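Model the full structure from these sequences, guided by the hints.
First to last, the sequence lines map onto chains A and B. Straight run, no breaks: the first sequence in numbering that gives the first Met the number 0 ends on number 432. Straight run, no breaks: the second sequence in numbering that gives the first Met the number 0 ends on number 431.
Possibly wrong hints are sitting among the right ones.
Unchecked claim - So the derived label-pair ranges between C-beta atoms look like this: (1) 71(B) x 196(A): 51 to 61 Å; (2) 92(A) x 360(B): 23 to 33 Å; (3) 196(A) x 344(B): 56 to 66 Å; (4) 253(A) x 67(B): 40 to 50 Å; (5) 19(A) x 423(B): 49 to 59 Å; (6) 253(B) x 38(A): 52 to 62 Å; (7) 344(B) x 310(A): 33 to 43 Å; (8) 82(B) x 10(A): 53 to 63 Å; (9) 60(B) x 38(A): 41 to 51 Å; (10) 344(B) x 409(A): 33 to 43 Å.
As the list claims (entries may be wrong) - Non-contacting residues of chain A with respect to chain B, defined by C-beta distances greater than 10 Å in every case (computed): (11) 23; (12) 48; (13) 182; (14) 235; (15) 342; (16) 379.
It should be emphasised that the hints constitute simulated quantities derived from the structure, not laboratory data. Note that the structure is predicted; figures quoted are calculated from it, not measured. From the three backbone atoms N, C-alpha and C, an ideal C-beta is built for every residue, glycine too.
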Amino acid sequence: MANRNFEQLQQDLHPPLSRHEASVESDRCYFCFDAPCVTACPTGIDIPLFIRQIGTDNPKGSARTIFNENILGGMCARVCPTETLCEQACVRNTAEDNPVRIGELQRYSTDHLMATGEQPFKRAAVTGKKVAVVGAGPAGLACAHRLAMYGHDVDIYDANEKAGGLNEYGIAAYKTVDEFAQAEVEYILGIGGITLKQNQILGADISLSGLKNDYDAVFVGIGLGAVNSLGVDGEDEEGVVDAVDFISQLRQCEDYATLDVAKRTVVIGGGMTAVDAAVQTKMLGGEEVTLVYRRGEERMNASQFEQDLAKVNGVVLRTWLQPLRILSNDGAVSGVEFAKMSVVDGVYGPSGETVTLPCERVLSAIGQAFDNADDAVQLALENGRISVNHERQTSDEKVWAGGDCIAGGEDLTVAAVQDGKLAAESIHTALKG
Amino acid sequence: MADLSSEFLGIKSPNPFWLASAPPTDKELNVVRAFEAGWGGVVWKTLGEDPNIVNVNGPRYGAIHSSDRTLIGLNNIELITDRPLQINLDEITRVKRNWPDRAVVVSLMVPCEEQNWKDILKKVEDTGADGVELNFGCPHGMSERGMGAAVGQVPEYIQMVAQWCKQHTHMPVIVKLTPNITDIRAPARAAKEGGADAVSLINTISSIISVNLETMSPEPSIDGWGSHGGYCGPAVKPIALNMVAEIARDSDTAGIPISGIGGVTTWRDAAEFLALGASNVQVCTAAMTYGFRIIEELTQGLSNWMDESGYKSVNDIVGKATPNVKDWQNLNLNYISKAVIDQDLCIQCGRCHIVCEDTSHQAITSIVDGKRKFEVIDEECVGCNLCVSVCPVENCISMEQMTSGVDPRTNVPISSEYANWTTHPNNPSAQR
Chain A
0 MANRNFEQLQ QDLHPPLSRH EASVESDRCY FCFDAPCVTA CPTGIDIPLF
50 IRQIGTDNPK GSARTIFNEN ILGGMCARVC PTETLCEQAC VRNTAEDNPV
100 RIGELQRYST DHLMATGEQP FKRAAVTGKK VAVVGAGPAG LACAHRLAMY
150 GHDVDIYDAN EKAGGLNEYG IAAYKTVDEF AQAEVEYILG IGGITLKQNQ
200 ILGADISLSG LKNDYDAVFV GIGLGAVNSL GVDGEDEEGV VDAVDFISQL
250 RQCEDYATLD VAKRTVVIGG GMTAVDAAVQ TKMLGGEEVT LVYRRGEERM
300 NASQFEQDLA KVNGVVLRTW LQPLRILSND GAVSGVEFAK MSVVDGVYGP
350 SGETVTLPCE RVLSAIGQAF DNADDAVQLA LENGRISVNH ERQTSDEKVW
400 AGGDCIAGGE DLTVAAVQDG KLAAESIHTA LKG
Chain B
0 MADLSSEFLG IKSPNPFWLA SAPPTDKELN VVRAFEAGWG GVVWKTLGED
50 PNIVNVNGPR YGAIHSSDRT LIGLNNIELI TDRPLQINLD EITRVKRNWP
100 DRAVVVSLMV PCEEQNWKDI LKKVEDTGAD GVELNFGCPH GMSERGMGAA
150 VGQVPEYIQM VAQWCKQHTH MPVIVKLTPN ITDIRAPARA AKEGGADAVS
200 LINTISSIIS VNLETMSPEP SIDGWGSHGG YCGPAVKPIA LNMVAEIARD
250 SDTAGIPISG IGGVTTWRDA AEFLALGASN VQVCTAAMTY GFRIIEELTQ
300 GLSNWMDESG YKSVNDIVGK ATPNVKDWQN LNLNYISKAV IDQDLCIQCG
350 RCHIVCEDTS HQAITSIVDG KRKFEVIDEE CVGCNLCVSV CPVENCISME
400 QMTSGVDPRT NVPISSEYAN WTTHPNNPSA QR
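Encoded structure:
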């Protein structure tokens, strides 16, 4: 196996900023009026203020500013596609095409406070109200933390062994090294008043109606449990693996050497999961990794930074190819046949040509879907996901929802955090009466 | 190529850049390194009487930095030379002999008695030095002993000591002035009255650079205590420029040669001092920040600018801006300007808006037709230049003069006539 690079899997994509680097970088912030970066941040962090606090050597105050809007500010500093969010809005782009490194500065402050073990906020007096949160991903954690802060008691039910949701199971290792996802969960729970109940599957171990009976309010943040199917012949072959499962397996793996990596891998998809899967396959020692997307690069959900990251790591990017069928040989995957796609007169369709990419493994990363198999979630849906109002309240006045499982969910950690936060505010208002 | 050679009180140097009396000129070794690097002259670090004074044995300097630790201001509690007098005199003799084309001026500070000054002047004369600079400026340490700023703050003392010195030496006498006074013109007039050939300014400004908030000791800290020091570096340049201009345009002192000191870091700083009336400049902090090699930038930069601007010699620049420095009451109140924002250059940071809105005249929009846009409201703009000052983009906002029509803020027609406060109707003592 060539080019195994396990160290890289456990190395920060961006090494943490030193105090001096942070100071110099903070000085680049113009402290804009009604700053565009704040508008661009789904959680609305007061970015100019937290950067100014770094510049004045007040990283703890800076971290509080961040956590006040986004208690998962530490993870967001690592995984946010800042180049399409806050940093894209930075006015320095206009001036010099070089935004303030907001994400790295955010990590500097949040790391600083978390390292001290100090909590940013104290709980209010206990209210006696109880809230159930289903799902310990970013949305659920954010919701639980804010409710706990207001003095409510929260039980979080999660289907997995570990809390954290996609932060723990669905993001590339190099984005969250040193078990950061678990450290963050512990930090968030450190406020008190939150009890974590693992291995509790909605629809099997717990039910929405039961929770409604037992609690004053319920928040649902269960993410997307199902994966979209490729819809082509041969996708049931053994060598065809869902990219989310692959990443999850890798993240939970004790010894990377035990992971099975094919000589040639084709990753199908155009989002961050596709890039995470492709790059990690390369680092694990995959010789040829090809990331295939059905349209042009500009339409990919993965940002330019992510695409470049893939290329730098030796992933070959192929575009305008849509899978036709998985080829196999004696029950083993041998390749994927693609139709060449094009847009003619504004209409997207096959050009008539086909391309075959030989491979021993296919990673499917064409998105996930809301899983309501056993009708476990008896709430109004919209486009196949839970319908909510602007306060993230569902059709059931006792139930709120957020994260990827709601209609309009953006498949972003930071957006999920905002959902959880907004829902908590709404629940708090409702519980206050 | 512009002629950078300089003559100050008959003292010739290849360029107008001297190193000020300070640590860089304390020893032959340093001075020779400076001359090798290209400096035009030095004012030797202040000599005193034996027994030589002593310095603290802990930190002498404190600094103010930018975020990237660019040094903006420096303060020090170092005293005059702490080496025996004869060693300095021997070295000065040798340096002047070996570097005849460079200016070697000797700074002096002795107790305020005629005999003391007479004695030391004789000794300096024997070195072959080009002149003396009387240190009436140091704000720290020596002033507690009745020297330095303690003399410089009393015009009568300045005049008296200057007279003694002129009487007891044929060398040119420069009086170095302290800025730690209320009106710089008084000590300058006293120096002139005493017969001094020139003044040099500014010396350092009394300062506490910072407080260590853990130990509660002022910095630099000596065993937990601190003492005020002298402030210098880029931060003090505006103060020095003003004082140079005040002396250059004062009818009592106009024409007295001035050696400009205070935060000179670049050729541009030097050109500004010259334009306001200094005949040469002295540099210290910039050299202490970057080393002597900055002289290359200083001379080349000044030379380039002179070539481009058509100045043939340093003297062509001296005092060029002095006539334009006026008392406020003489400024033209009929000059109307308005800020104009170049929308193509604007990066939308909005700082012009918020500072105008919060702290000034509510004359810049934040939203136009529902969109983020920063535009000047001429009806409110007083032309104050704050927006220009805070804008992070060079030349994005400019002040443009209105030459015709009506000022939309005051509804007063624009007049091309000059009118100032002395004749303004609101001035109770206007000359009508």
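(request) Please name the hints from earlier in the document that this structure breaks, with their numbers sorted from lowest to highest. (result) When the structure is compared with the hints, only number 11 turns out to be violated.
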